[in-house]
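*Asks:* So the sequences go chain by chain: A and B. Just so you know, we're using the UniProt record's numbering here: the first sequence kicks off at 1 and counts up by one. Just so you know, we're using the UniProt record's numbering here: the second sequence kicks off at 1 and counts up by one.
Honestly, the hints are just simulated from the structure, not real lab data. Treat the numbers as computed from the prediction; the structure is a model and nothing was measured. Just so you know, not all the hints are guaranteed correct.
What the hints assert, rightly or not - Just some of the chain A residues that point at chain B, by a computed CB distance under 8 Å: (1) N175; (2) P179; (3) F258.
To be verified - Pulled a few chain A residues facing chain B out of the computed Cβ check, cut under 10 Å: (4) S160; (5) K178; (6) D182; (7) P255; (8) N318; (9) C319; (10) P320; (11) A323; (12) D326.
By construction, the Cβ of each residue, glycine as well, lies at the ideal position given by its N, Cα and C atoms.
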Amino acid sequence: MGNVPTKLDDGSYQGDSRTNTSVSSSSNSNTSAASSGNRSRHASLVNAILNSGSGGAMGSPGHSRNVGPYARKSTREREEIKERHAKNLVVKYDENVDGGFMAPFGCYSFDKLDYDSGIVRGLIVNRKLAPFYTPLQDFDDSWSRMEIIKIVDGLPLHASFNENPEEFEDVPIGNLRKPNFDYLIDKSLPKKEKRRLHSKIFQARLYRKRMLWQEKANETFLEHKIEARKNTSKNKYLPSDDLKYELYKNGSECPICFLYVPGPLNLSKCCQQPICTECFVQIRRADPHFPHEEVDPTQPVTDDSEKDPNLLISEAANCPYCATPDFSITYQPPEGRRTGLGGEPPYKFTSQSQSAVENSEKHGVLTKESPLVEGDDLKPAKSVHVIMSDTIRPNWEVRLNKERMRLARRSANATAIHVSNRLIDPDYNNDGSGNGDSSPVGTNTSNRDRSDVTIEELENQMLNEAIRLSLEDKKHSSSRQRK
Amino acid sequence: MASLPKRIIKETERLITDPVPGITAEPHDDNLRYFEVTVEGPVGSPYENGIFQLELYLPDDYPMEAPKVRFLTKIYHPNIDRLGRICLDVLKTNWSPALQIRTVLLSIQALLASPNPNDPLANDVAEDWIKDEEAAKQTAKKWSKLYATPKQ
Ligand SMILES: [Zn+2]
Ligand SMILES: [Zn+2]
């Protein structure tokens, strides 16, 4: 096992695998849902959101260009996907389900919200996963109904942002309204450096944009709350006092974030321990890494760069409570509190109402007969669904394979460099150990002046040598395995 | 810097109001994610009577990422290297966000009671340990007396 302070794999965010840290392509279809939320406040919102979720749940049915998870996406496409994902992470007061929301409150940092937001939104609307609730820092059992309502009224939609995160401190962002920001990058820089800068600026801009989007949503929330208080006309998306009280009087502390959230919480399938959705979306597979073996201290340790990329693994997340493999949760939605998307309007909720589900059928403003995900029937609330950690990050296998490919490419490159060095300098890597390998490559050319060797020949030789080395390598490792 | 998550605040409070026997952990005044830690050597182990100083740091992604812990006191142990770094599963692959500062420190105390030379960090110590366990334990005892005895 390695030392304590470093992460197992340090390369997973470099090179081509960088795309993997972003959202999977399945959230592609979410733009319309996220942006139309501001304008149209009709049942179409439900449709839009449900459809956006469906894209994810169905594993993104064919997009016109670049089909397939391994298809190389252009920078532009990757950035669009990231931006759509960031829009999905904005908490909007009118996108609520049973008193909770479609996006996290903000207990964990933005760059760690790399789950598939389309899938998660779909699961929440379908009541298969608890919504994201606004947490309370503490809860006191002695609080009266009035006190609880007052506290809930003062809750923000989202945690405050770190306005100037260190990583973006000196990164220019330019005019956010203009999509093109090439003018921020010095054209005389080398291509690689330009690309690095572009990516950094994009991230900084996205961070800032998301902050502004959330602030806009916060303002709308506040304005509408004030309006609703002044006018007699109710805002149907805002919760009734009964709903506020119902939500928070029966909450509990999540054992991972230690925050107080309304129930019911998701339960681990294996040991029935509660976990809030904000924490659940943080539980992920291990990044691709080589298996950790107990080693014989008297033997030298094999360097990671010498290992076969196909040995890379990524174990499914274990249950945080009992370590059962393949962490999954179940969720039983509240029976008397089906409000918001796919339920009764939150402002109509009353504690007296025998069954909120019945109510929604009578007065349903937000109809629940919304188009469902094809092949994904909305089962009665009572049936229990199991959501695996992998369900919300379905791209793990693609990530793993891409990392394997990256390592394989890197070692091929290393071999090529190694070989070309030998060709140029016959003494390179000749430690005089006297075994045949240390002689310069291509003895058939040794009687010729090296400078005469054409590029093509050189490439051929490199290729042959690379093949020979890799065959030798294989022999080595298989003989090692046989031991 | 971003505000301190509730979880860290509550854990710190509980560490102070309900301390673990044989272990202390106090946050630094100017960085509440940095803790000064002492662990008493377990009774019956070569580290008995020693008081070991450690530092513990809660990274930004805690509790999704394990705390970073290091021995500051020199110690002779197959799973702790010369820099004080610790080879312990719960600090690496077996970390779970349901674990806490408290449980991590208890695991470290348990590691002192039962070293695992087959999964070493300090290779030379592990080799000694496998070759001659008694002699290795004597060395560990000597080092404890030398480096981990509280100064009066
Ligand atoms: Zn939680
Ligand atoms: Zn469990």
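*Asks:* Any hints this thing doesn't respect? Which numbers, in order?
*Replies:* Of the numbered hints given earlier, those the structure breaks are 1, 2, 5, 6 and 12, listed in rising order.
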